[in-house]
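Novice: Each step along the sequence shown adds one to the number in the UniProt record's numbering, with nothing skipped, and position 155 is 155.
Just so you know, these hints were derived from the structure itself, not from any lab. Values in this document were obtained by computation on a predicted structure and should not be read as measured data. Hints should not be assumed to be uniformly reliable.
[Claimed, not checked] Once the Cα atoms are required to be at most 20 Å apart in a straight line, the calculated DMTMM-like pairs of lysine to aspartate or glutamate come out as:
(1) K54 <-> D80
(2) K107 <-> D90
(3) K24 <-> E39
(4) K98 <-> D80
(5) K107 <-> E95
(6) K54 <-> E39
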Amino acid sequence: MAGAPGPVRRAWYQWKMQRFPWRKKWLVGFDLQGNTFWEFKDALHSLRNRRIAKYSRSTHYGDVQISPSWMQWLRHTRFDPPTIAEQQQDVARQERIKLLAAQADAKWAAKPSALDAPDKQQPVLPLQSQHPATAPSPLNDKQDIRHTPAPRSKKSKVKEPADSPWKQQAAQSHDWQPQGWTPAPAKRPS
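Generate the whole structure from the sequences, applying the supplied hints.
Specialist: Below, the structure is given as structure tokens:
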């Protein structure tokens, strides 16, 4: 981001902003990166002026970035060019958004995810009881653990009828093989 222009450059900008009748193009404004924005009369469309941007010499063409407000002005969707104060407020707004986004990312990163593997999740401590008689007893290896059979799904309970039409189709199509195709001779009009 280039600093504010010096007094000589500012005087030159003021001179170029004057809309004299003999002048073919005039300066409209500049942005915080040092790019200048110009307007000139179009030979094809006399009712509408053309707008262009001239980039600072120290910036490579691939690194040129124009703010959205200047881009709107260049494309004639914005009538007045943006002021320096407006551009500075936009930069401050972008920095504020970056800071808030970083804070939100840090907040979400601190929360445990339900998608994490159980070994990566934070350990859950067992509840402590004030009365030793009602305290949960730890699970010993010597205790018998009853294995309950898995409940049967409903799909196994549904029985197909004895004469299923699908079984007949499957039996016929199991041995079926495609035949070679021979096209019929073309019929010509007589």
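Novice: Hint by hint, note whether the structure agrees.
Specialist: Outcome of the hint check:
no., hint, in the structure
1, K54 <-> D80, "holds (18 Å)"
2, K107 <-> D90, "violated (26 Å)"
3, K24 <-> E39, "holds (9 Å)"
4, K98 <-> D80, "violated (28 Å)"
5, K107 <-> E95, "holds (18 Å)"
6, K54 <-> E39, "holds (11 Å)"
Going through the hint list in order, the structure does not satisfy hints 2 and 4.
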